[in-house]
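Q: All chains, full assembly: derive it from the sequences and hints.
Residue numbers (numbering that gives the first Met the number 0), protein chains in the order written: chain L, 0 to 256; chain G, 0 to 281; chain D, 0 to 293.
I should point out that these hints are in silico values taken from the structure, not numbers from a laboratory.
Quick reminder that beta carbons are idealized off the backbone N, C-alpha and C, glycines included.
Warning: the hint list may mix true and false statements.
Unchecked claim - Simulated pairs of lysine-lysine, PhoX-like, Cα-Cα distance not exceeding 25 Å:
1) L:LYS112 to L:LYS63
2) L:LYS196 to L:LYS131
3) L:LYS112 to G:LYS161
4) L:LYS31 to L:LYS131
5) L:LYS63 to G:LYS2
6) L:LYS88 to G:LYS161
7) L:LYS140 to L:LYS120
8) L:LYS31 to L:LYS196
9) D:LYS194 to G:LYS2
10) L:LYS88 to L:LYS63
11) L:LYS31 to L:LYS198
12) L:LYS145 to G:LYS161
13) L:LYS88 to L:LYS120
14) L:LYS88 to L:LYS198
As the list claims (entries may be wrong) - Label-pair restraints from in silico Cβ distances:
15) D:PRO102 to G:LEU73: 30 to 40 Å
16) D:VAL20 to G:LEU126: 16 to 26 Å
17) D:SER259 to L:ASP81: 50 to 60 Å
18) L:GLY72 to G:LEU73: 25 to 35 Å
19) G:ASP240 to D:GLY260: 24 to 34 Å
20) D:GLY260 to L:ASP81: 28 to 38 Å
21) G:PRO159 to D:GLY260: 49 to 59 Å
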Amino acid sequence: MKKSEENLEFINVEITYNGKPVLTGLSYNFSKSAVTCILGSSGSGKTTLLRSLSRLNDRIRGFKVRGEVWVAGEEIYYNGVDVYHLRRKIGMIFQSPCIFPTSVYENVIFGFKYHHPERKKEFPQIAERYLKEAYLWDEVKDRLQKPAQNLSQGQKQRLSIARALAVEPEILLMDEPTASLDPVSSDAIENLIFSLKEKRTIIMATHNIAQTRRIADDILFLYDGTIWEQGKATEFFERPQKEETRIFLEGGSSSSS
Amino acid sequence: MNKRMLDRGLLGIIYLIALVGMIMMLAVLWEVVRRGWPALSLEFLLQPSSNFGAEGGLLYQTLGTIILMAAAVLIGFPIAVGSALFQTEYVRSEGVRAFFRAIIFSLNAVPTILFGLAGYLFFGVYLETGVSWLTGALILAIMILPTIQASIQSSIECLPEKYREVGMSLGMTPWALARRIVLPQCWHGAITGALLGLARAAGETAAIMFTAAAFSGATWPRSFADPVPTLQTHILVLAQDSADATSLTHAWGAALVLLAIVFFLILTSLVIRSRFSMEAQR
Amino acid sequence: MFPFIVPDRRRNADPLFWSTVFSAGLVLATAVIFSSYLFWESLPVWDQGLWAFLTSVEWDPGEDVYGAGAMIYGSLIVTSLALLFALPFALCGAITASEFLSPRARLVFKGAMETMAGAPGVVYGLLGAAMLSLWVKDFFGLIDGSTLFTAGILLGIMILPTIMTLAEDAIHSVPGEYRDTALSLGLTPLQAFFKAVAPRALPGIIGAVLLGLGRALGETIAVMLVIGGLDIIPMGLDLFSPGQNIPSKLGREAAEAIGSGMHWNALIALGAILFTGTMMLTAAGSWLLRRRAV
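A: Take a look at the structure:
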């Protein structure tokens, strides 16, 4: 069975860790070129769901994925899948920005350099292009060769987004990308997400409801290890179907900052 | 009030005992320096020994020690790096890692004389390398393997998993992760391990005294099958018939040289380690 | 096929993978071959009666009679002496360094101890042969200064820095809150140490001592030069008699017996006993040291 190149879908997926189910009964087809927010309280499996899409839990023993996970026309837990090729197509942004202890420049081209070592001449252009795309160029253009560790937390997060973009992923996974940032940096990232979704599918885990209202097209609400509610963002916020969703939204909106 | 006094007194006693311990350590160092210093001179370092160690210098002994320790690290280091990377980059089961850790711990605790016995039989007799510097280097390589590997592995395990995950999310293979992310950030662990391994090999006597070392007559090795004289065994032989005053002076001189080599290696490794662990905290 | 390894389709083309498998396999093989060799080669000796071998004091390669009693006795005595001698200094040094030195002074102290812990055994051996044994001889009015006592003291000095630095680690790793709580209740720093810190550091301290003992048990050269080299169990608890321990015996006779015959089997059997002893001490020690964090 072959699916279309642009397909991103869970079909009846169950994820267990050491035999205990983390997520069960997942079936969902993600929209292309849109922002899908995964909502849910801490420990509801948001991170696990994201990581399962690029097989990042391979290094941890005890994680088992049953069912089908389709990414760009391939079932990715099938034995013959080239996991490195898969991960190139899927970028991941982590909760706290992780910057290598080298210069800003080396950080941006880190992934590109690895995949295209022969295109050495293009490195400076690539760095500029993706730093611009991540709205970071103006702030760092004078200190490309300086250590990236000196950037602010928000700049570091945009730098890690630029680094992921340079590998030209079709899908971008973001695991609470603004959770460790101040409100101003947070706004910058949100704007960035808006501009990125034109060309890429973005899936973002968050528990910030106000932020979800601003940027989400689709919403997936995880509760009790499964998809509790799903749908278009507008409908979801106006007419939550279930009691638990309403409690989450009310509790969240009164305490969200 | 009385309790206070008691407390003070107890603290005083603890300080005193600690101080005596420290003085004892310093006395050990001081005696080696004091007795070895008169023997030291440029000729002593650069001349071959003669008359069964009573005359001449330490040229070939020093050379032999350096050859043995360098060869041991050259053999042991790549294996240690490989085996450390296998466990940190490919093994994902905690149980298997714990099993390997136990093996490394056990190898580290084996009395060195046993490595000498078993190693000589395996290399010297079965593989026919005989009493030679090659046998000694192979035995020493096994002996220092756990030291090097433990140092590398602990520095790799200190690297937060998030660095690796970024590399993985960019589509890198384990080989690329190791080369571009793990080793650039953990090389100091490898260097520290190599230096500690050198120091251990330089100070080791029991494992090489009947497998690799010759006392007099030998110079530098002309083939793999030649034994070499070493500082360690030189000291041992001179100390065993400690009657003759001049040979004893030479023994102290050799001890001072050996101690200087070993301490230099250990101190360098400590400096590298503390510098980089501080950097990691920042 | 191997669930403990990270799954990966491209592994066969990964140059790193097979070389690391090779290295890890080599380490594994070394450990397995080495330990099984020790026990395999000592089988002929066990066959003649394990108990007799362990208790008999007669060791005569000429008559092919082998008993390990004297060496085992010597090892036990020398190691216990070393422990008794080193313990007070090591513990007081560790307490002082961890609780009462400034961070900077502590760092220097630790560096010095770790460096001393790496000093070659043969240097201690020379000190023992050329100085300590002469002092022992003169001080106690003996004919010869090479005795079990001399070996024990020399080993004690030798393992002192090892035990000190490991015990210091164990004490220092007790979280500061324990000290602060005790101090805030009005205890003096020393009382705070004994009442709040020491109980938590105890497993680690014992671990440090066991690791030090493991090192003392296996040390060859330093002991060989000062123990006297007589295979006897002296009458009573006479510490000022020459004796023999296992590593020293191996060091003296390995060269002449090498490779074949009952003499070699007997030496390897001694080695197997030594191996078992150090393994037990080290395993217990490192288990306790790792547990300390809890």
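Q: For the pair supplied as a hint, L:LYS31 and L:LYS198, confirm whether the alpha-carbon distance does not exceed 25 Å.
A: 9 Å, holds
Q: Just to be careful, I want the Cα atoms of L:LYS88 and L:LYS63 compared with a cutoff of 25 Å; is the pair within it?
A: Distance ~22 Å between L:LYS88 and L:LYS63 Cα, so the pair holds.
Q: Does 16 to 26 Å hold as the CB distance between D:VAL20 and G:LEU126, or does it fail?
A: 23 Å, holds
Q: Is it true that the CA of L:LYS31 sits at most 25 Å from the CA of L:LYS131?
A: 24 Å, holds
Q: Given the range 49 to 59 Å, decide if the beta-carbon distance of G:PRO159 to D:GLY260 lies inside it.
A: 56 Å, holds
Q: Mind checking the alpha carbons of L:LYS63 and G:LYS2 for me, to see if they're no more than 25 Å apart?
A: 62 Å, violated
Q: Should the hint that G:ASP240 and D:GLY260 are 24 to 34 Å apart at their CB atoms be regarded as holding?
A: Roughly 29 Å apart at Cβ, these two residues keep to the hinted range, so it holds.
Q: So does D:GLY260 sit 28 to 38 Å from L:ASP81, Cβ to Cβ?
A: 60 Å, violated
Q: Check whether the Cα positions of L:LYS112 and G:LYS161 lie no farther apart than 25 Å.
A: 20 Å, holds
Q: Measure nothing beyond the straight line between the CA atoms of L:LYS140 and L:LYS120; if it is 25 Å or shorter, mark the hint as holding.
A: Between L:LYS140 and L:LYS120 the Cα gap is close to 18 Å, so the pair holds against 25 Å.
Q: Against the range 25 to 35 Å, how does the distance between the Cβ atoms of L:GLY72 and G:LEU73 compare: consistent or not?
A: 50 Å, violated
Q: Holds or violated: are the alpha carbons of L:LYS112 and L:LYS63 at most 25 Å from each other?
A: Between L:LYS112 and L:LYS63 the Cα gap is close to 33 Å, so the pair fails against 25 Å, i.e. violated.
The structure fails hints 1, 5, 18 and 20 (numbered hints given earlier, in ascending order).
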